[in-house]
Amino acid sequence: MEIVQTLAVILDSTIRLSIPLLCAALAGLWSERSGVVDIGLEGKMLIAAFASAVVAYHSGSAWAGLGAGMLAAIALSLVHGFAAITWRGNQIVSGVAINMLAVGLTAILGNAWYGQGGRTPNLEGSARFPELDLPLVGAIKGIPILGPIYDIAISGHTAPVYLAVLALVLTALTLKHTRFGLRLRAVGENPAAVDTAGVSVAGLRYAAVIICGALCGLGGTYLAVSQSAGFLPQMTAGKGFIALAAVIFANWRPWPALFACLLFGLLDAVAIRLQGVVLPGIGQVPVQAIQALPYVMTVVLLAGFIGRATPPKASGLPYVKER
Amino acid sequence: MSAAPIELPRWADTALVPLVSVAAALVVAGLVVLSIGESPLEATALLLKGSLGSLEGLGFTLYYTTNFIFTGLAVAVAFHAGLFNIGGEGQATIAGIFAALACLWLAPLPGILLVPLAILAAAAGGALWAFIPGYLQATRGSHVVITTIMFNFIAATLIVYLLVEVMGKAGSMQPETPDFPKQAVLTPIHELLGAFGLKLPSTPLNTSFLLALAALVAVWALIYRSRLGYAIRTVGANPRAAAYAGISPARITMVAMAISGALAGGLAVNEAMGVQHRLVLDFTAGYGFVGIAVALMGRGHPVGVGLAALLFGVLYQGGAELSFDKPTITRDMVVVIGGIVILFAGALDGLFRRLVASVLNLGRGG
Numbered sequence: 001m002e003i004v005q006t007l008a009v010i011l012d013s014t015i016r017l018s019i020p021l022l023c024a025a026l027a028g029l030w031s032e033r034s035g036v037v038d039i040g041l042e043g044k045m046l047i048a049a050f051a052s053a054v055v056a057y058h059s060g061s062a063w064a065g066l067g068a069g070m071l072a073a074i075a076l077s078l079v080h081g082f083a084a085i086t087w088r089g090n091q092i093v094s095g096v097a098i099n100m101l102a103v104g105l106t107a108i109l110g111n112a113w114y115g116q117g118g119r120t121p122n123l124e125g126s127a128r129f130p131e132l133d134l135p136l137v138g139a140i141k142g143i144p145i146l147g148p149i150y151d152i153a154i155s156g157h158t159a160p161v162y163l164a165v166l167a168l169v170l171t172a173l174t175l176k177h178t179r180f181g182l183r184l185r186a187v188g189e190n191p192a193a194v195d196t197a198g199v200s201v202a203g204l205r206y207a208a209v210i211i212c213g214a215l216c217g218l219g220g221t222y223l224a225v226s227q228s229a230g231f232l233p234q235m236t237a238g239k240g241f242i243a244l245a246a247v248i249f250a251n252w253r254p255w256p257a258l259f260a261c262l263l264f265g266l267l268d269a270v271a272i273r274l275q276g277v278v279l280p281g282i283g284q285v286p287v288q289a290i291q292a293l294p295y296v297m298t299v300v301l302l303a304g305f306i307g308r309a310t311p312p313k314a315s316g317l318p319y320v321k322e323r
Numbered sequence: 001m002s003a004a005p006i007e008l009p010r011w012a013d014t015a016l017v018p019l020v021s022v023a024a025a026l027v028v029a030g031l032v033v034l035s036i037g038e039s040p041l042e043a044t045a046l047l048l049k050g051s052l053g054s055l056e057g058l059g060f061t062l063y064y065t066t067n068f069i070f071t072g073l074a075v076a077v078a079f080h081a082g083l084f085n086i087g088g089e090g091q092a093t094i095a096g097i098f099a100a101l102a103c104l105w106l107a108p109l110p111g112i113l114l115v116p117l118a119i120l121a122a123a124a125g126g127a128l129w130a131f132i133p134g135y136l137q138a139t140r141g142s143h144v145v146i147t148t149i150m151f152n153f154i155a156a157t158l159i160v161y162l163l164v165e166v167m168g169k170a171g172s173m174q175p176e177t178p179d180f181p182k183q184a185v186l187t188p189i190h191e192l193l194g195a196f197g198l199k200l201p202s203t204p205l206n207t208s209f210l211l212a213l214a215a216l217v218a219v220w221a222l223i224y225r226s227r228l229g230y231a232i233r234t235v236g237a238n239p240r241a242a243a244y245a246g247i248s249p250a251r252i253t254m255v256a257m258a259i260s261g262a263l264a265g266g267l268a269v270n271e272a273m274g275v276q277h278r279l280v281l282d283f284t285a286g287y288g289f290v291g292i293a294v295a296l297m298g299r300g301h302p303v304g305v306g307l308a309a310l311l312f313g314v315l316y317q318g319g320a321e322l323s324f325d326k327p328t329i330t331r332d333m334v335v336v337i338g339g340i341v342i343l344f345a346g347a348l349d350g351l352f353r354r355l356v357a358s359v360l361n362l363g364r365g366g
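Residue numbers (this note's numbering), protein chains in the order written: chain V, 1 to 323; chain C, 1 to 366.
Since the hints were derived computationally from the structure, they do not count as laboratory data.
C-beta atoms are modelled at their ideal positions from N, C-alpha and C, and glycine is treated no differently.
Some hints here could point you the wrong way.
DEER-style ranges, computed between Cβ atoms [claimed, not checked]:
| no. | chain 1 | residue 1 | chain 2 | residue 2 | range |
| --- | --- | --- | --- | --- | --- |
| 1 | V | Gly117 | C | Gly53 | 21 to 31 Å |
| 2 | C | Val217 | V | Val320 | 46 to 56 Å |
| 3 | V | Val169 | C | Ala214 | 54 to 64 Å |
| 4 | V | Ser61 | C | Ser39 | 27 to 37 Å |
| 5 | V | Val320 | C | Asp13 | 13 to 23 Å |
| 6 | V | Lys321 | C | Arg225 | 56 to 66 Å |
Stretch by stretch, here's where chain C covers chain V in the computed footprint (C-beta under 8 Å, at least three residues) [what the hints assert, rightly or not]:
| no. | segment |
| --- | --- |
| 7 | 47-54 |
| 8 | 107-113 |
| 9 | 241-249 |
| 10 | 258-268 |
Quick partial rundown of chain C residues pointing at chain V, CB under 8 Å, derived from the structure [stated by the list, open to error]:
| no. | residue |
| --- | --- |
| 11 | Leu106 |
| 12 | Ile149 |
| 13 | Phe289 |
Chain C on its own, in the form it takes in the complex (with noise of 0.2 Å):
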């Protein structure tokens, strides 16, 4: 997109840039914190002994990594393929409905199966609400970007009529559905490693975290290794030449946004099935948004959106304890580096390229 593109080593390009972006986010951040007059260095410092000090820490760390994982993937190979997808949110929403209904239809299977079998549901619902907007752009000219804001909307209407009115718990005033059956729930990782021994703090840490490891890994193979990848990536560089090639780009742009809301789809995975135990309103709670930051600082990399992923889980569970140690930073600041982190990696690009052009005295003067 950008017009004369900086040339840059690879390795500022892959790293330098997205690091010198987060770093300005979190000078920003600071500058927040500074101006409700508070320390920013004792915000630092709290943040990650909330985050990384303690092993309990680290599991809510890990937790929340887990969502990001996902939701970053998700944005990851969309992005690949030249699309935005900005749909997390209602893709984890519809996913989650999915997986509620499997694990309180198929309630009578034994957890070898029913575990499976919810996932692969709500893999498929958020394949599903990811496929429509990609089949209405590839087929009828309609922007997969609008489209799936108006997913997201159409998504959050839906989760408050059926928890509302269909399959909410009865007797209950709130809008959730009744818990799923024990063996649908995934083990948490204290109680898998206790069984080996190892004393652990209860976290809300669970299984779906090695399935986001294992994510990781898919989808890296998927994009860098496979023939599907390779047209993938060809359809997001230039979908004209992936045409003359015989890669059809109508198809890979629903391809990859049914691959990209499945793994959307995770989030729903983790926090029904992993943490709540039912469905429960909000869950998404922006973690699709953030996906978005999550993807762009990881340059669409898995290795990168794991270590972004961290990254956020980090200032997620830290700012979790930061506010509860100072009533006045709200985890809203997460939010706010999320957008600054956009902003700079994402929008900003070519002030931030420029920049590092210059400093590593490359800069070809524009």
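Just chain V, same shape as in the assembly (with noise of 0.2 Å):
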């Protein structure tokens, strides 16, 4: 009973720290699937992360700093979309310029509108949102390695962890199943094709990009407003390009992309119980080891060493009528 508990209790702090990556994950995917590269994913969490903390703190209510955290994300990717859609601009270097102004508008305001070093206030009461219990917690309890596992790891989490688990199921049956995400898709592989039939292919590039801040919106939001109890500075981590990894890992697919980021959660949430703790036969593993195998497997990965990234086709690429 003590191993199932134990293992319920790190598969909750596994879902924890995954969600954030989960959200920016599907917001790469999104946006990578339209061929429009994304490596700002960091800057729009982190820039959501201060609108959402500063909202919520100031309305007290942490849906309206929902709704800041997604706003502020798609501003940030609507300028990504006007530099590289719009002004057919290097993709790149614009993600590059987005991670830079998040970095430090938030550092600036945060520490001109409240003078605690770039922190928010503490956000208290209904700022946060609260943990939500799914029903039959009550019930299901009892039974044995079930009941512990529902109770622990899959109950008692915020809102945003639900929305983005929504928002994974929703990815998954629209780029699959509708109109909207098959055009999504051919306009990442051949734009072209998609324009002859008439379907604007800004449009659709631009459709994918807001769908992508409002994503990393909610990713961000969770962090300041639901995990922590307000914005720190620089709190995103590289958990941006964690998920740019996981969606390589997935092969810019949304299911895969969910394994890749629980994976990627597990190795966080194992690195935290490994401080300090010697292990049979291999001795002490420096935390350092495995805080750095979610890059050191995407870059074998992308070598081909195990598997093989496919890109989008016309991902990275302007789209030029009529050439």
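Since each chain comes alone in its own frame, lean on the hints to assemble the complex.
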């Protein structure tokens, strides 16, 4: 029983640590499936974390925070879209710019408004998302194995967690089974064909970029208003890039993205628990080695040593009509 | 990359477009200053006074400029080969580790041997950390951009591990190496000129500034006056044509990345050997990313890179002084300005060319 309890707790923290990754990975997936490469996920999550914490603090409503977080991230997304789609600029350069802008702006504004070294004031009460109990927790709790897992790991998360799971299901269904999804995937593979069919390439790409912003907004809000009680400078700490790694790992597909995020979340959860623990036969594992694992794995995967990563064909290429 | 290039006179292309994007970036920064209730004009005056208004300020400005020359050149060399190296931070980190190992292991050597060896070690470390992504792109097809991002993070975790567990100073709670031997320390400029009877205030500006100036000249000679530079520019302009002309794009990719990484290593030379005299955590402090702005603004030309590095040196030092007088305006403003310069000069190039063209009345209507 003890072991089930421990596993349930690890699963619980894995889910908590995976959610921001999942949001950003889905965001990157939408954008890149439409052919717009996005290395600005990190910056968009950061600006969303800041905006959501500020609005949640002043309005006392976590939901208002979520709205603000999404709007802020969508605004940055549109900047990226304007550069990448309308002006056919270099998408990587634009992504770098967005990351820098977000780091600088959140630090300056946070410091100027609150004077706490860039932090926002602590969020309390309704300014944070409460933990929700799923139905039947009381009834299922007693069942061995299933009970503790349902009670500890599955139930008791905040609304953004369940929204992220919903976003995953909707992403998978939309991309695979709707006309919009088909066209969006097509525009990432062969924009000329979509254009010939009389569908707007720019329109589809802007739609993807806006959805990308909204999802980054959800992820950033989760960090500031649910996982922590407020914004901390640079609180995304590379999560946007791990999410990018997850997208590559998942070969730009939604369900594998979930598993990649859960894997990276698990590594994170385990790294915290393994701090200072001596494993039999291996000795003490440096925490940093585990932390670096997602990045190392991505490099190895991209180099084609394990499997192959195949991005959408037109990704990163601006579309030029009539050439 | 841009679709229908707008023809501009050369002077407008090389000077006016970057200047307009910098001006626009400064306007946006001014708006941010306004939005937090400060006066942009007063801020600008304080910034200029703090960076150029005194010999001490100037010393600090040139010390920051040194960092930006190295990271800007690193990005610029890769640009010429059509590569986007955003791994300057990671490359400088590894360069710092190599320099520290050299300084600590070879401590008995006299300075005249130790200093060049440590600088070479730094360059080798940076080159290695950039060569691997270059190699992986050239031979395995993994994109340099993603690999260098990942390598930044791997380097960041590696340095934490090394400073905490392996190379750390015994008994110190700070993640840092022991102090380098005295003869490994680069001479501060005020001491160097003091020997000639010139009295200067003490600043972190050291001889690596001269190294940076030499790097500017060397990169100019490499890119515009050498066979290798010609090959690099040809691959950057058109890899297929280069291959047809008997230049191997794969080889050039690896060589250009290695040179780029070695240049990024200069950041570690200035910071670790010139200023800190030991290896500390996070010494790269985002200089690698600002280097992208410097390279874009300088249009990849060493003269432009030098000027852009000076501008960012002024912003950095002036920003530090400014935040001292006006605590609400933190140094992060430089990061914002850097971000906007990258956005305008790099990604929104087309828009700015169009604007400049219409101002010059040369617009042909897209």
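Structure-based check of each hint:
1. Gly117(V) to Gly53(C): 21 to 31 Å: Since Gly117(V) and Gly53(C) have Cβ atoms about 28 Å apart, the given range 21 to 31 Å holds.
2. Val217(C) to Val320(V): 46 to 56 Å: Between Val217(C) and Val320(V), where Cβ atoms are some 39 Å apart, the hint is violated.
3. Val169(V) to Ala214(C): 54 to 64 Å: Hint holds: Cβ distance 59 Å, inside 54 to 64 Å.
4. Ser61(V) to Ser39(C): 27 to 37 Å: 35 Å, holds
5. Val320(V) to Asp13(C): 13 to 23 Å: Since Val320(V) and Asp13(C) have Cβ atoms about 21 Å apart, the given range 13 to 23 Å holds.
6. Lys321(V) to Arg225(C): 56 to 66 Å: 41 Å, violated
7. 47-54: violated (count 0)
8. 107-113: Our answer is that it holds, as 6 residues pass the Cβ test (under 8 Å) against chain C, meeting three.
9. 241-249: holds (count 4)
10. 258-268: violated (count 0)
11. Leu106: Hint on Leu106(C): violated, closest Cβ of chain V at ~27 Å, above 8 Å.
12. Ile149: 6 Å, holds
13. Phe289: At 6 Å from the nearest chain V Cβ, Phe289(C) passes the 8 Å test, so the hint holds.
In this structure, the hints that do not hold are numbers 2, 6, 7, 10 and 11, in rising order.
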